[in-house]
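> Chains as they are written, first to last, in my numbering: chain W, 291 to 402; chain E, 327 to 456; chain C, 327 to 503.
Keep in mind that the hints were calculated from the coordinates and are not lab data.
Just so you know, not all the hints are guaranteed correct.
Claimed, not checked - DSS-like mimics (lysine-lysine), calculated; alpha carbons at most 30 angstroms apart, straight line:
1) W:K311 <-> C:K428
2) W:K339 <-> C:K348
3) C:K348 <-> W:K388
Owing to the predicted nature of the structure, the values given are computational and were not obtained by experimental measurement.
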Amino acid sequence: MTAYILCFVLFSIGLFSVVRKRNIIKIIIGIGIMEYAVNLFLILIGYCKEGRVPILTEGQSIKNMVDPIPQAMVLVSIVLGLTLTLFLVAVAIRIYEKYGTFDITKINRLKG
Amino acid sequence: MVYKSPNKGMTVIVKTVTRLTLAFILIYGIYIGMTGGVSPGGGFTGGVILALAFVHIMLAFGKEAALRKLRANTLRMVMGPAAFIFLLGVATGRVPEEIGAICEMVIVGTGLFAIFIALVLASKSDRNSE
Amino acid sequence: MIEIHLVLIFMIAAAVIAVSVKDLLSSVVAIGAVGVGLAMAFLLLKAPDLAILQLVVEILSLIILVHATTRQDLPFSTSGRWLFNTISTLFFVVVFLMVAHKALKGIPIVGASLPGAVQPIMENVPAKEETGNLVATILMKTRAIDTLGEVAALFTAVVGVLAISRKIGRTGGGNGL
Chain W
291 MTAYILCFVL
301 FSIGLFSVVR
311 KRNIIKIIIG
321 IGIMEYAVNL
331 FLILIGYCKE
341 GRVPILTEGQ
351 SIKNMVDPIP
361 QAMVLVSIVL
371 GLTLTLFLVA
381 VAIRIYEKYG
391 TFDITKINRL
401 KG
Chain E
327 MVYKSPNKGM
337 TVIVKTVTRL
347 TLAFILIYGI
357 YIGMTGGVSP
367 GGGFTGGVIL
377 ALAFVHIMLA
387 FGKEAALRKL
397 RANTLRMVMG
407 PAAFIFLLGV
417 ATGRVPEEIG
427 AICEMVIVGT
437 GLFAIFIALV
447 LASKSDRNSE
Chain C
327 MIEIHLVLIF
337 MIAAAVIAVS
347 VKDLLSSVVA
357 IGAVGVGLAM
367 AFLLLKAPDL
377 AILQLVVEIL
387 SLIILVHATT
397 RQDLPFSTSG
407 RWLFNTISTL
417 FFVVVFLMVA
427 HKALKGIPIV
437 GASLPGAVQP
447 IMENVPAKEE
457 TGNLVATILM
467 KTRAIDTLGE
477 VAALFTAVVG
487 VLAISRKIGR
497 TGGGNGL
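Using the sequences provided together with the hints, build the complete structure.
Here it is as structure tokens:
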């Protein structure tokens, strides 16, 4: 149960960074931290104590094996997180080229 | 810093080590991608490792060397058919798993490298203007 | 279970550093530490596929983020309603923690996932496959549409990044973005 609570604390740190910080890079970092916390939480739900890796080998039954479905879901989730990070960095670089800063309080004015 | 002179590349030590280890990185990526069915790994992981190998060339030798090895047209020519075969495999279920893994590897490697090239080329002009 | 707690505490410490430090490059390096800690946690939780993928993805996103941070920036505006911003942020965090506390009552304790929960999947797997990686089997056979969606998302990101950062055909003078 402590592991779940630590996951929530990690998520809260990411949430704080997203809502409070003014730097776009810090916001991207906060989104990354939230994503890590959610991935770890899903894997913790599928964990089975003293379990084995979900790879079948000769002569072993599938008893006492970690649940592979959350792992497949989280694999897709990690990939989507990577694409999200790349896209956000591209947007941040464009904003820097246009406004010359990463500060979100300075970019919300009409210019040009 | 790494990005001070993006056209020249890094020092001779980095270039030599890159030249020695590049083949091993590519072989490791292909191995991880191909043996995903029986051991940890998979098509996506292998594709990301292949993309990282080309990023490695780009960081060590500069932009021109990497673009000479992998042109934009080549990227386009390879990525489209691979995506088509992958879509066909998902739709019909007849394509073997290994070919699906290879297609996924090619798509991911070329796609991520295209993103990296786009980001590096996009920030070239404002560095010159500064 | 104590190893997972240690790794999680390491991740939380690195995340606090990443959020609170002023220098952007240090912040990006700290988030690299968080990602590597996550890979270690995946390895401890018996998910080697995810550990490899997380490590590799972390390296790629670290390179991209370092590339984004090596540029000059103006001094940040420190004016504004500091107290109001902090209090409203803390309100969001407290609401999240309350919802999480409610949700925590419905979740089984760590490690209590049923052994043999993979039985329904195995009925769909062809009988001749006695050996193999079950995660790859799920991703390639029973849930192949997920993999297709993953590749489609990657394509969308490629097209989006190329469209955002293109130079040709853009009229000068601020019509871009």
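> Does each hint fit the structure? Answer for all of them.
Against the structure, the hints come out as follows:
no.	hint	in the structure
1	W:K311 <-> C:K428	holds (28 angstroms)
2	W:K339 <-> C:K348	violated (41 angstroms)
3	C:K348 <-> W:K388	holds (23 angstroms)
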